[in-house]
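Undergrad: Generate coordinates for the entire structure from the input sequences, incorporating the hints supplied.
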Amino acid sequence: MKHNILVRDKSRNHTCHEDKSLMDGLNVYENLVPKGCHNGACGVCKIHILNGEYSKSKMNRRYISQEDEDKNIVLACKVFPKTDMEIEFLPKPKILSALEKKVYILGN
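Number 108 marks the last residue of the sequence shown (the numbering used here); no jumps.
Treat the hints with care, since some could be wrong.
In silico DSBU-like links for lysine-lysine, alpha-carbon gap of 35 Å or less [to be verified]:
1) K78 <-> K20
2) K82 <-> K10
3) K35 <-> K78
4) K20 <-> K10
5) K58 <-> K20
By construction, these hints were calculated from the structure, which means they are not laboratory data.
TA: Next comes the structure, spelled out in structure tokens:
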């Protein structure tokens with residue numbers, strides 16, 4: 001079954017099938033979700049779920065604490081929608097943003 005996913009940051013609705021992770025479902029349309037490893041080992045796809053129900057795979061505690069999970073802060077690659085949802089992307093750590101832009105600081 002497909003569910004509507006409102007991406008607050010982009011003010012757009014997309015659909016995601018419940019057997020696909022939010023990362024896979026939303027990246028079908030455009031590369032909406034920041035991605036890295038696709039299996040929860042890097043923490044790049046961290047999102048905040050504002051509304052909706054979902055199932056999830058085990059989160060990597062290096063990136064998502066139990067407190068985060070309790071606040072619906074999760075990894076998009078580990079979340080599967082069960083209802084329509086509203087999400088927002090969380091800022092990436094500065095080091096990841098710099099690496100993505102291929103900004104390197106060289107030492108002597």
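Undergrad: Work down the list of hints and note, for each, if the structure agrees.
TA: Here is what the structure says about each hint:
1. K78 <-> K20: Between K78 and K20 the Cα gap is close to 9 Å, so the pair holds against 35 Å.
2. K82 <-> K10: 21 Å, holds
3. K35 <-> K78: This hinted pair holds, its Cα atoms lying about 12 Å apart.
4. K20 <-> K10: Holds, at about 20 Å.
5. K58 <-> K20: 15 Å, holds
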